[in-house]
Amino acid sequence: MPKSAPSHSHRLRSGRISETGRTYLLTSTLYQRQPLFSELTLGRLVVAELRAVHEQGWAISLAWVVMPDHLHWLVELQERSLDELMRRIKSNSARLINRHLGRAGQVWQTGYHDRALRKDENLLLAARYIVANPLRAGLVERIGDYPLWDAVWV
Numbered sequence: 056m057p058k059s060a061p062s063h064s065h066r067l068r069s070g071r072i073s074e075t076g077r078t079y080l081l082t083s084t085l086y087q088r089q090p091l092f093s094e095l096t097l098g099r100l101v102v103a104e105l106r107a108v109h110e111q112g113w114a115i116s117l118a119w120v121v122m123p124d125h126l127h128w129l130v131e132l133q134e135r136s137l138d139e140l141m142r143r144i145k146s147n148s149a150r151l152i153n154r155h156l157g158r159a160g161q162v163w164q165t166g167y168h169d170r171a172l173r174k175d176e177n178l179l180l181a182a183r184y185i186v187a188n189p190l191r192a193g194l195v196e197r198i199g200d201y202p203l204w205d206a207v208w209v
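Mapping of the sequence shown onto this note's numbering: residues 56 to 209, in sequence order.
Because the hints were derived from the structure by calculation, they are not lab data.
If you're wondering where the values come from, they're calculated on a predicted model, not measured in any experiment.
A virtual CB, placed ideally from N, CA and C, is assigned to each residue, including glycine.
Be careful, since some hints might not be right.
Label pairs and their calculated CB-CB ranges [to be verified]:
id, residue 1, residue 2, range
1, Glu139, Tyr184, 36 to 42 Å
2, Gly199, Gly160, 31 to 37 Å
3, Glu134, Arg197, 35 to 41 Å
4, Thr75, Leu194, 17 to 23 Å
5, Leu95, Ile72, 21 to 27 Å
6, Gly193, Gln89, 29 to 35 Å
7, Thr165, Ala103, 34 to 40 Å
8, Trp208, His155, 29 to 35 Å
9, Asp200, Thr96, 14 to 20 Å
10, Asp175, Glu196, 30 to 36 Å
11, Val207, Arg142, 36 to 42 Å
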């Protein structure tokens, strides 16, 4: 009998499909859940990468929040695959973060989670869920008090 893949295997989602024009909810976690983005400057390096791929037409950012140890991103895929998009975000931000910290090494966990949203799903509800993460985590009492989020509806 063949062995099943471990539950946290990076190969678990190797069969994912990327569809141009489809909206995805993406989540990526920092290596060993280190809360690097508690330092605002490091979180802003990720924000700059999110904005760069948006401006360069790789994806349309609908909403995102950079939490202390992970990223949630609601995005409409454009010119590239999910893997290319996430590889760019993670590699560029990791390089900048390591440079800022004067170190080398892994910044992000291997892989990421994606969920394709159906056409009939309410994108505004998904965006509200994303930007309310700091509230649910007890980091702030009002969404506007958290500095590392954005949504096209605001």
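Failing hints, ascending?
Structure breaks hints 1, 4, 5, 6, 7 and 11.
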